[in-house]
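J.: Residue strings, one per chain:
There are 4 protein chains.
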Amino acid sequence: MALKTPEQFEESLKQFKPVVFMNGKRVEDVLSNPNTRTVVEANKASYQWALDPRYSQTMTCFSPLIQGTVNRYTHISGSNEDLLSKAKAGTFTAEMLGTCIYRCVGYDAFHALAATTWEMDKTIGTEYYPRFVNYLKMVQENDLSAAGALTEPRGSRKKRTLDWPDPFLSLKVVEKNSDGIVVRGAKVNISGAFASHELVVLPQSSHGEGEEDYAVAFAVPVDTKGITYICQYSPYSAERDQAEDIYELGNPVFGQRETSMVVFDNVFVPWERVFHCGEVKYSGKLVARFARTHRMTCGGTCKVGFMNQIIGACKLIQEYKGLDNISHINDQITEMVVLRETGRACGMAAAQLGSEDPPGSGVFLPDEVMGNVAKLNICNAFWRTMALAGDIGGGLIVTMPSLKELKNPETKAYVEEFFSFGSDEPTENILKVHKLLQHWTAGQHGVGTWHGAGPVMAQKIMLQRIVKFDHEKELVKKTLNLKEK
Amino acid sequence: MALKTPEQFEESLKQFKPVVFMNGKRVEDVLSNPNTRTVVEANKASYQWALDPRYSQTMTCFSPLIQGTVNRYTHISGSNEDLLSKAKAGTFTAEMLGTCIYRCVGYDAFHALAATTWEMDKTIGTEYYPRFVNYLKMVQENDLSAAGALTEPRGSRKKRTLDWPDPFLSLKVVEKNSDGIVVRGAKVNISGAFASHELVVLPQSSHGEGEEDYAVAFAVPVDTKGITYICQYSPYSAERDQAEDIYELGNPVFGQRETSMVVFDNVFVPWERVFHCGEVKYSGKLVARFARTHRMTCGGTCKVGFMNQIIGACKLIQEYKGLDNISHINDQITEMVVLRETGRACGMAAAQLGSEDPPGSGVFLPDEVMGNVAKLNICNAFWRTMALAGDIGGGLIVTMPSLKELKNPETKAYVEEFFSFGSDEPTENILKVHKLLQHWTAGQHGVGTWHGAGPVMAQKIMLQRIVKFDHEKELVKKTLNLKEK
Amino acid sequence: MALKTPEQFEESLKQFKPVVFMNGKRVEDVLSNPNTRTVVEANKASYQWALDPRYSQTMTCFSPLIQGTVNRYTHISGSNEDLLSKAKAGTFTAEMLGTCIYRCVGYDAFHALAATTWEMDKTIGTEYYPRFVNYLKMVQENDLSAAGALTEPRGSRKKRTLDWPDPFLSLKVVEKNSDGIVVRGAKVNISGAFASHELVVLPQSSHGEGEEDYAVAFAVPVDTKGITYICQYSPYSAERDQAEDIYELGNPVFGQRETSMVVFDNVFVPWERVFHCGEVKYSGKLVARFARTHRMTCGGTCKVGFMNQIIGACKLIQEYKGLDNISHINDQITEMVVLRETGRACGMAAAQLGSEDPPGSGVFLPDEVMGNVAKLNICNAFWRTMALAGDIGGGLIVTMPSLKELKNPETKAYVEEFFSFGSDEPTENILKVHKLLQHWTAGQHGVGTWHGAGPVMAQKIMLQRIVKFDHEKELVKKTLNLKEK
Amino acid sequence: MALKTPEQFEESLKQFKPVVFMNGKRVEDVLSNPNTRTVVEANKASYQWALDPRYSQTMTCFSPLIQGTVNRYTHISGSNEDLLSKAKAGTFTAEMLGTCIYRCVGYDAFHALAATTWEMDKTIGTEYYPRFVNYLKMVQENDLSAAGALTEPRGSRKKRTLDWPDPFLSLKVVEKNSDGIVVRGAKVNISGAFASHELVVLPQSSHGEGEEDYAVAFAVPVDTKGITYICQYSPYSAERDQAEDIYELGNPVFGQRETSMVVFDNVFVPWERVFHCGEVKYSGKLVARFARTHRMTCGGTCKVGFMNQIIGACKLIQEYKGLDNISHINDQITEMVVLRETGRACGMAAAQLGSEDPPGSGVFLPDEVMGNVAKLNICNAFWRTMALAGDIGGGLIVTMPSLKELKNPETKAYVEEFFSFGSDEPTENILKVHKLLQHWTAGQHGVGTWHGAGPVMAQKIMLQRIVKFDHEKELVKKTLNLKEK
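Top to bottom, those sequences are chains A, B, C and D. Every letter in the first sequence is one number past the one before it in UniProt numbering, and letter 331, counting from 1, is 331. Every letter in the second sequence is one number past the one before it in UniProt numbering, and letter 369, counting from 1, is 369. Every letter in the third sequence is one number past the one before it in UniProt numbering, and letter 335, counting from 1, is 335. Every letter in the fourth sequence is one number past the one before it in UniProt numbering, and letter 327, counting from 1, is 327.
Some hints here could point you the wrong way.
No copy is singled out in the list; a pair is fine if it fits within one copy or between any two copies.
[Claimed, not checked] DMTMM-like cross-link-like pairs, simulated, lysine to aspartate or glutamate; straight-line CA separation at most 25 Å: (1) 407 x 484; (2) 225 x 209; (3) 285 x 81; (4) 172 x 10; (5) 285 x 331; (6) 473 x 416; (7) 404 x 244; (8) 404 x 272; (9) 485 x 248; (10) 176 x 417; (11) 122 x 272; (12) 137 x 245; (13) 404 x 241; (14) 17 x 279; (15) 407 x 241; (16) 88 x 357; (17) 485 x 474; (18) 158 x 356; (19) 122 x 424; (20) 477 x 324.
Everything labelled a hint here was simulated from the structure, so no lab data went into it.
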């Protein structure tokens, strides 16, 4: 089956009727609600680029599974070149959208499942791998968009999961029967999802004896009965809700990142869509492999693209204000370039040093150390970039009037006169570029970048677990010719 | 005359009819518009505290000018103790409001005017000082609230002011007659103002020969004919506009900082309110003295108070989540404490090392080096605090649903279950504290803090101008016993 | 008795015969050994300044104990003004010496002892306070120089003190009799000491039940029988050892900081010099009060003085190279100024917020929070200052030839030609200033500054212990009008 | 001809009689002087590894020029794989030596010459390329070690080169005749050199009309008549000079980095060794291509190796002290790992994104942006690593006694007892590891790392020159749908 056109994608979404709430009210149609619409647009763009000759090499590839061309976001990387191509795609989509493509987590989850179902079958004799491959073929053949879910609500960190009064603070299997399983619980902070076709769910953490009911992974259509999406609602949501002209907003078409909590209230999943159920020793592996893929993505690819928008806006403002030769501004832009290229370098290194995991599985994952390093660096780099862009953009970024003043006969002339900076650029353009920087520096991106793919402590813990020091200690012993005890 | 009660303050505002626009529409009543109301509330609180026995020592003092008790924000500091008391007041008001008190700039402008009118009279024989003192007495006797204005629009930085095609990109005297002067131009980024009684205007920069018409300082009632306020409009403004219950907002009563552009379209100012007009050599002194006072305020006092709100919210979340003993979180909170105390120390040192300037004037100004150091430190400290608070608060800070979901029967139970973190704290409280951190970490405060009182480059330039190195070079020569050339 | 002249000080040292080893050999005479001589010189300077009318106000004060003028380093601060004066003295001595004055730790230990002996007598009926006062009077009357010792060797951190195979890895009382006590153990990392008159010893940490023999404080003459000093020996020591002309060294007269390990091998201390012995509950108080005083000193005073030498050298090099107007260098020097003033501000705030502790004791100690904040800031600030100075000084700081080449006829002309930078400053001066920066940026100062008064973790732990958050949490609850559970 | 054995290399050096001065005296034999010996050892190791089956793949490669195996440091990279292999070699040699291999600058200079002589011949018809290739073949066939020189003395930065009173503050051709050229001037800060066979010299900066005599590149044997080496002399030099047992030093065999000034006092260079002479337009290209190669090396390869030694020493000390589970230390080591891997990633990305320059030349150079980013990052990373290692190592790093105390019967037992940390590791080992950290954190490495390959400003200037922003600006215009002016 062929790749979907963007129009076919939008049409296909109309078949889905997810239960979505936002700002205390039901969202009747995710395609027309101004905030959920941004997610539709971002997903849709990924279909459009796949068919655009300028971008199709970035956005598509050959899948040996279905022996045909697929959207890269449904493909399992089988080589370092694949990983590198995905890194480039991640930067491309981010700089084009100025927000999340909403498909990486699904892609990352596919990798964790491909590797770990293969391994489970190999080592404990389950039959998950062919089941997963069948599922993935279906996704590829139908050119579906999949969201992924890992982050989770939790009970008190002072108690073990099994001791929580409410057992559903982690997603739990409440019933198993011959047809499938029934789960109850929730996932918070999922990006997009309600405008995808499929929702792929992984366990939240490693599990131990007795926690079998929490060791579960599966995929369901996004509007499966029992699933409820409760959307985020931020000041940016309110602003978009009341906007008459989206081109007065900071990121007109694609918005800030839209997330929601997903509640699974006794949701049935048929066995052919269950890929992990009770094998507690493998929950941690699913999480680790997911993180391995996802941290390269969040740390070394999409933020690089976001920075391109920020840097571009800063350069334009510098020109509007006639500050081209001011050394401290050029110095700040250079600092942003260094932060951006450092992110890119770590992403590339993660791809280049990636490896087949488990050996024999055919699944390539980015290098775990470099992926974590990429994410750790970008957490600080993004806040710093915000501060630098805020310096260049000036106070106007946060004190600017509504762009509606340009349509208000009583204020239009004043705004045009006093925000021109003496430049011959239309004041409307000047204000819009400032509005874009408001989007980047005075909204959700600092905190969001930090926590996407886990906060810094998650990366540090992982590094402490995987980095060994025998080589380094040997070097010292040899250099100093230390005597043995 | 006695200090105004908060009710009298609110009543007094009703006498003013400033021309205010926001979001493309006229604001008919600044007392009832949801966004301008926050400014009224903040100002009003300053009247309330002055009469509250718990806070009156902080908020009031004895003025030798009227031989009576005045609000500290209308008092000219006459000693290091006064400066220190003002520093404490700045922290107090900030931590109580979680936003600007909207009166510091006026207070700072009073100091610049008191010192410089005294100096002008002394050295070039003008008669501004008694005029200014009369004005200030009137302010004190009527317990008025004054906003101040310094920052400004500008023409191309590549050209000199006199070469700008539009001469009004800096505020300019367009007419002088026996009654007074007429000015045209604009001030951008003024905080509050439309909910004050008085607006005190200083020149924007030092001026040279030929720029006499730009060398102007004066005070006018906020609703003087010809003045138009064009308000900022941010996502936070939109959110407040549509809120039914302000307690669902991050800073319910006092909001984010509200600013506007102020346009002076041929505004008449009578001579008794003009304090500088044409004496170009003193424009720079007004600016420098204003900056000297204002940088201590912005760098070493109010942000310390803001950080208290942020730290308090982080501690509460830490407790809600049961993370009291997690070392990396305690480490992050300690880092915030260090940043806060460093700000406080620099503010205190600026007050303690402050001096009478000019000697004999009776006007005490904070130490110029320490004031600039305070501001430089806080620029970075505040962004860092935002990043740390964002880590502790978690992704929920930016992905949280509307508090309206707690009133929505279809989602209430889910939200209460899954955002409880297993704590017995009401979920409503948990969400509200996250909403407060959204206010601090995902809005205007990073950029705003950076640019208030001028961006870092302004402080660096000032330090490069005032710090001398003879002492340090002598130390080196003596240590090394260097021979003379 | 009068203050000693520097000559009398030097003469008085000849009465002492401490057992000192350095570089594997006995140091027969600390006054003539090139490295120990630097400590004599630094101490001696403190006597000289006390009698120099230019500096006597800084270096001396009135002691109510002996009703006469004493060197400030033997005085117990009895007010915030005293603390502030000591802060200024700390900066003054540091910038004059470019190294440690070797008397602060003694001064700090006096404060810990004065406060805690007073408190012990008051609460548990010991009679230490009059004993300590008598001792201190003797110190003041004879104008003695005292070193202090706190840091210590330790056994494995994995075991409790009482479980160490070697009980002497912490200083321990091994005998008590009617005349006094006998101690065995060691103190590492003491600064100076062998060129002082007195050595004041405090316990190393808080102690618990069963550790009574480790809860000990006392003072002894530096050459008491059983005491051995094993000196540090660094590349800088070797360089000084072989120097024929000390003016070819980076800090000609006063050198880098000289420390040693002090071994107490069954040292007898008579009861009149014992100030703490077995009262385990008070060991921790001695440590905490010492730290409170010492961290202000190390964080907020002496490093400020050191930075003055560094900044002065950078300015001179900038001038020699004709780089006066290069903006990035001025920017770097400004950054150093900000770091320096931040240190100064924290030191001043610690003094200004200091308090009588315990109340009634008459002993004023710096504010504990600010002292720790000062030290935390300076740890990073000093490394940063080194990096900045290294940038300005250039590679030559570390690659410069010996100044002896200026006396070598075969190389003199080349060195003078090629290191002149085209300046008319004598090349000798140019090289000497680079040598001074070598002293600061390529030696022991980074690590030394970090660890003096304890490494950053010690300050963080202290802050976590003393900073409370009730006020901050209340602010949040009030701002959000949170309902009670 | 075959690769030299290390013994053959040492023997070959005996044929050279360079004129070397150190500490005011002539160095008669660079092979036996303790400080110059370290350079011999480092070079020699590069010969040994080339023949060691464990390392030969890293250290050698196939050269198409001589159709045989050569030491990698004499090979011109002809592909991205070559660049990547060189990056790995750079890390390998650095972690084995703990100092400079002293051959990178020569290797980098070869690349600049190969590319630029090819380009000059192609575009302006010179005949340098075959001449250079012949020279390089000779180097490869004889397996010679070459040092390179770029950095230079300079006259006042306030004047142009041609206006300097002393024309030789930049290396200058003073005579040209049929046999060759004669040059006068100096190069400062060359690493090694006196223990190499060849010295390759490039111009110092781009040149303009009239500066033809400064536009010169050539190669000479290191002991060519007229060349004088005036060596650096640091505290570390003094320490090594007086050491009886080098295993009591921080880096026993290979030492700190040894550099010297090289004076060219009317040195004759025959035409067959002149590769650039008067073609001012190409001087800048030689410099830029050299920098492009050298910054990857210094920023992304050798410091990674150095960090391995530092990290290894920190881990050992952590174990000796029983601090394995202390979270803040593990956190610090993780931070060092992140800094190290970031350096490695940038180095790898520079190699991977490298390109043939000029196209057709067959010479591959690292990516210019990434090379500069690598160097910029490592400047700060190395100082930070020093600070972190200093924290873990503790004050003992700088206050430790001489290792000779372990041979001193009067102090040996004390040292062994009190520096054991209660560990059963021999105290000698414990002290030696601390001594290694002294080498890294209290010596020349901070400043040296910063300035090697140019200080940060050099990288920033280069980035400002080469990074373009059209793509980024277009992204913004498209996102906002900006209207054209």
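J.: Between the shortest in-copy and the shortest cross-copy C-alpha distance, which are at most 25 Å for residue 158 and residue 356: within, between, both, or neither?
T.: For residue 158 and residue 356, the Cα distance exceeds 25 Å both inside one copy (37 Å) and across copies (40 Å).
J.: Is it within a copy, between copies, both, or neither that the alpha carbon of residue 485 lies no farther than 25 Å from that of residue 474?
T.: Classified as within; 14 Å inside a copy, 54 Å across copies.
J.: One pair to classify: residue 407 and residue 241, alpha carbons no more than 25 Å apart. Within, between, both, or neither?
T.: both (19 Å within a copy, 20 Å between copies)
J.: Can you give me the call for residue 404 and residue 241, within, between, both or neither, at a CA distance of at most 25 Å?
T.: Answer is both; intra-copy 15 Å and inter-copy 15 Å each pass.
J.: At 25 Å max between alpha carbons, let me know whether residue 122 reaches residue 272 within a copy, between copies, both or neither.
T.: within (19 Å within a copy, 67 Å between copies)
J.: Pop the pair residue 285 and residue 81 into one bin, within, between, both or neither, using alpha-carbon distances up to 25 Å.
T.: within (24 Å within a copy, 33 Å between copies)
J.: My question is about residue 122 and residue 424: at a cut-off of 25 Å on alpha-carbon distance, are they close within one copy, between copies, both, or neither?
T.: Neither: 68 Å inside a copy, 45 Å across copies.
J.: Measure nothing new, just compare the shortest in-copy and cross-copy C-alpha distances for residue 137 and residue 245 to 25 Å and report within, between, both or neither.
T.: neither (41 Å within a copy, 50 Å between copies)
J.: Evaluate residue 285 and residue 331 at a C-alpha cut-off of 25 Å and name the case that applies: within, between, both or neither.
T.: Answer is between; shortest inter-copy Cα gap is 24 Å, intra-copy 44 Å.
J.: Check residue 407 against residue 484 for me: Cα-Cα at most 25 Å, and say if that holds within a copy, between copies, both or neither.
T.: between (82 Å within a copy, 19 Å between copies)
J.: For the identical chains here, do residue 176 and residue 417 meet the 25 Å Cα criterion within one copy, between copies, both, or neither?
T.: Close across copies (24 Å), not inside one copy (69 Å); limit 25 Å.
J.: Have a look at residue 473 and residue 416 and pick one of within, between, both or neither, based on CA distance no larger than 25 Å.
T.: Intra 66 Å, inter 22 Å, cutoff 25 Å: inter-copy only.
The structure fails to meet hints 2, 4, 8, 12, 14, 18 and 19 from the earlier list, while all remaining hints are met.
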